[in-house]
Amino acid sequence: MRDYRLGEPIADTRAPAGPIEDRWATRRFQAGLVNPTNRRKHRVIVVGTGLAGGSAGATLAEQGYQVVQFCFQDSPRRAHSVAAQGGINAAKNYRNDGDSVYRLFYDTVKGGDFRSRESNVYRLAELSGQIIDQAVAQGVPFAREYGGLLDTRSFGGVQVQRTFYARGQTGQQLLIGAYQALSRQIDAGNVELHPRTEMLDLVVIDGRARGIVARDLVTGEVTTHLADAVVLATGGYGNVFYLSTNAKGSNATAIWRAHKRGAHLANPCYTQIHPTCIPRSGEHQSKLTLMSESLRNDGRIWVPKRQGDTRPPGDIPEAERDYYLERMYPSFGNLVPRDIASRAAKNQCDAGYGVGPGGLGVYLDFADAIGRMGRAAVTEKYGNLFDMYERITAENPYEVPMRIYPAIHYTMGGLWVDYDLQSTIPGLFVIGEANFSDHGANRLGASALMQGLADGYFVLPTTVNDYLAGGGLTDVAPDHPVIARVEAEVAERLATLLAVRGDRTVDSFHRELGLLLWDHCGMARNETGLRKALGRIPSLRDEFWHRVLVPGTGEQLNQELEKANRVADFLEFAELMLLDAIVREESCGGHFREEHQTPDGEAQREDEHFSHVAAWEYTGDIPVLHKESLRFDYVHPAARSYT
Amino acid sequence: MRSRTFWASTVGKKAVMAVSGLVLVLFLLAHMLGNLKIFFGAADFDGYAAWLRTIGEPVLHNAWYLWIQRAVLLIAVIAHVTAAVQLSARDRRARPVRYAHGQRPKATFATSTMRWGGVILALFIVWHLLDLSVGVVNPDFAAGRPYHDVVVDFQVWWINLIYIAAVLALGLHVNHGFWSAAQTLGINRPSRDRTIKAVGTTLAIVLTVGFVAVPVGVMTGLVS
Amino acid sequence: MKLTLRIWRQAGPDTPGRMAEYQVDGIEPDMSFLEMLDVLNGRLILDGQEPVAFDHDCREGICGSCGVVINGRAHGPEHTTTCQLHMRAFHDGDVIDVEPWRAKAFPIIKDLVVDRSAFDRIVRSGGYVTAPTGSAPDANAVPVPKADADVAFDNATCIGCGACVAACPNGSATLFTSAKVTHLNLLPQGAPERERRVLDMIETMDAEDFGGCTNSGECVAACPQGIPLASIATLNREFLRANRSAKR
Ligand SMILES: Cc1cc2nc3c(=O)[nH]c(=O)nc-3n(C[C@H](O)[C@H](O)[C@H](O)COP(=O)(O)OP(=O)(O)OC[C@H]3O[C@@H](n4cnc5c(N)ncnc54)[C@H](O)[C@@H]3O)c2cc1C
Ligand code: HEM
Ligand code: HEM
Ligand code: SF4
Ligand code: F3S
Ligand code: FES
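Protein chains in written order, with the working numbering: chain X, 1 to 643; chain S, 644 to 867; chain Z, 868 to 1115.
There are no misleading hints in this set.
Subject to a maximum C-alpha distance of 30 Å in a straight line, what follows is the list of computed DSS-like cross-link-like pairs (lysine-lysine): (1) 1013(Z) to 840(S); (2) 627(X) to 532(X); (3) 749(S) to 840(S); (4) 260(X) to 532(X); (5) 260(X) to 627(X); (6) 110(X) to 627(X); (7) 971(Z) to 749(S); (8) 1013(Z) to 381(X).
Just so you know, these hints were derived from the structure itself, not from any lab.
Start from the sequences and build out the full structure, keeping to the hints where you can.
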């Protein structure tokens, strides 16, 4: 059975040759410019108001473009970026601890397990410092020391202290900064904002992205918005797993529809699982909550040595506890990278050592830390996290150890983009978590905020300029046949969803899909499991279209319809994700194939066959795989070892 | 509706209320102290009342000071009441539909009775002027003999009631009002909060006790 | 546990609404309040009825989407957001009244969903620092005393949920506005626009039909982020200062 076809190789043609330090400067200089007086004549659509979309919209508007911006929440300030806790990396080297642009670049390529594009990553590191400058100028209240200068901490097990933070609310503060900059442009009339409006399709005319079809979630009205360029900043697809740390509304609809209109989708199987999340407490669970990774700096992770041991943790003597991370990784102990810590926890629970409801949890114990530093110091450091944990679980982590379990957290895969962040559809740019660009097979902590803002504040404005300067954009007549066709397709799809009137709720399908993917395409994957899941998807999708029950009409606020429409896309997206996971017969970063591990159970890359980006093309028939082979001229691939 | 003037903004109106309110508080403090002279007998009290009319002489002509003071008070009350009425109307409009499930307010009684307390005070002031300044509602008004006027007043039980009720209303009003004014004028700080609350309460108690002393004094025959 | 819910149902902005009564059982103490509503909605859907519409997204207490008045209290009995309120705060057999934020400035869209765009317009009118991308000096060029930075941060944590307006007897947005003004006016970066910011934002706040502040303090009691009354004093101080200043 051949479930995909191999297509022509694909390559990034935008990154200039020459020394990596000069590439971005060179590209900026080569990029065409649009005369400031002509910018007003150009409309640019930005879908999304998160860190990526918010910063892009504000900056493009400042440059003089007419920006038309969308989000499904009632306010741009609620984009999911708001939930980011830990911090944002920047190679400022304020600590004088040997950090540098090159080191951040190096760490990111290595952290990505050598599956990212060197020139993109270097640019990211290069821009990181300016992001902090920009945010501070906007009034973002980063943590400061008594001297009044900015404080930083080390994060995600790197040796330098390069992470800037605002207590446990870094994402919120950065987003509010971008939101305020955007608000200023809205007030100035440079941005036309459409909140509570969801993009349902992309309008491609003469091979170029020229607009979107969107539904007003309040009135239900479906309309087309035209522009000279379209920017997608619609975030990650982690919710394909139903239970994730993403917000309930996060979805794959925008990128999936763009994919179906011709944008290649890269590495969909690269998903990141975060080791320290609060375990699910029952069937009703609607989302998972993340507890900052920093907890692993002082907490000790263990499970009982006896399987199915139901004694309360306090009654389990030291001798009968297995501090498995410390045992398996003596040198790194509890601080091993996310993917390793997550997998280890899963293995313990699968082997029957798990604790808590359903045995899906391991202990994160602060008893020693409290003994060592004293309760006050622990409160000082982790107080807010302990409170959050207690509010959700009603257990006091000062007395009983926390229970944690890994959860889907971030998706490295996304729409394929070149160095200009332009997709395979001219005029369609993709930024933030929605693209695949900078994190390879695994993202380092505190790097997503950095990427979203680098894309939005600095990269996109330059490259959109270049695209628009290229010209060749004729006006699109509102009655253009393509527009009518796309609108009709969207309307029909919504009508069908409403017409089924079956006997199952949208959530029940979403749950089932999520469970299927979690079991077979989660922390550890193998061909049999993946094929099993892949085999189930078509029937599940078929069942969905025959049995889903969406009440109400399309001409009103109809939250079930919104969900149904997103789940319908997840059901298609999941198929490609599974396929990508099957085809990538190696283990790298977040993608762990059980067939490919070292004797001591570590991920085993297969560089000679898989040192490439898998860019998938939608054909309507079987998907076509285009490989972008990766070159490493600066950071040379080596095996990660943490034992 | 969008206008930049101080008076047009809710915060501006509020500041006017605060200042005018504080002016009234100051007057009442003096007024209360003056009233206490009644315990030293008719001569003292009437003398004091007469002296009030001579303040500022010879620079000011007879009773001019009093009229200036009255003007200031009148302006203060008008400003205060106008702001209060306009803001209250606006506040009501801001919540057209009430909650089905009644609120359990955390605010103190004094806070939630500011408006009614104010109305009571407004009515009282009118009554009070007719009673002791103009004299039309006074049982047996004799111009220039306030001692007599007050004493005859408080022979009547329901007049006592009116006064005592009004004074209690005043106490409550000032109790929240003083702190509230400090908040409105941005004088309050976390470090000063408790002090300001304490001063407000003390003021309220002093005013209440001081004012109530008079009717009580008459009733108990201390003053006759 | 088994509960009786009385929930405000309103089909659309202009249609009349009413409190409708529902029974739900099988509610676990570990469920969040929104998960309890999910359970109710799942049942309503299968019964062929329309589910209760309510805003939510992060379900972590940070995005500010959620928010309903529970038994007369914005975000319910505990000092947190509706999504972080758990059913263990209630008892078997309880009767729970669920209503939308009620304020003229927050018109109802459907059921428990209200339009809070007035908040965005307040921010738009001045709740920002004019710092076009690319113009920023080095982040450490301007030191900020830790004390100021901390106060600014405390106020910057406002999630824009609107509970302050819902709880205020006057439907006033003063606490929300004061949080933003305090955040930006205390920082050196916000100083150049200090006067304009407070005057413009208060002007917009008034134009949006919010009530005035009578210092009732209900907002503070309802605020999940603990924005303090001191911020309102700061707002008033900044307003008077701006009126005195020549830079208005
Ligand atoms: C709990 C949590 C903690 C995290 N902590 C950190 C951290 O400490 N450090 C770090 O670097 N990263 C962290 N991350 C990752 C980081 O927050 C995200 O990757 C990043 O914020 C994504 O930003 P974005 O702008 O790309 O997308 P988002 O912020 O998700 O924004 C998506 C936007 O697109 C809009 N949208 C989506 N679909 C549509 C549609 N169809 N139509 C219209 N609009 C649409 C949404 O309304 C929203 O405005 C964390 C993530 C989570 C979940
Ligand atoms: C003897 C007369 C009065 C005194 C000493 C007085 C004093 C005060 C003070 C100091 C305040 C606080 C202002 C602020 O909060 O900034 C206040 C508030 C108020 N007053 Fe008066 N007042 C008096 C009469 C009245 C009258 C006649 C009314 C009319 C109805 C009134 C209605 C109010 C109202 C509604 C408030 C607003 C409460 C608030 O904003 O906290 N008051 N008063
Ligand atoms: C029970 C206590 C009170 C007594 C015995 C009392 C007595 C008097 C007397 C005798 C006068 C006339 C003074 C004069 O004309 O020389 C007077 C005037 C006045 N009183 Fe009172 N008063 C009392 C309480 C109050 C209160 C509570 C208020 C306000 C809320 C108030 C407000 C005034 C005012 C505004 C005047 C007019 C002052 C003037 O004419 O310039 N009084 N009072
Ligand atoms: S001030 Fe508090 S209650 Fe008001 S919007 Fe902000 S967070 Fe919500
Ligand atoms: S409750 Fe309302 S009155 Fe002022 S103090 Fe809060 S805004
Ligand atoms: S849903 Fe985000 S704060 Fe409650």
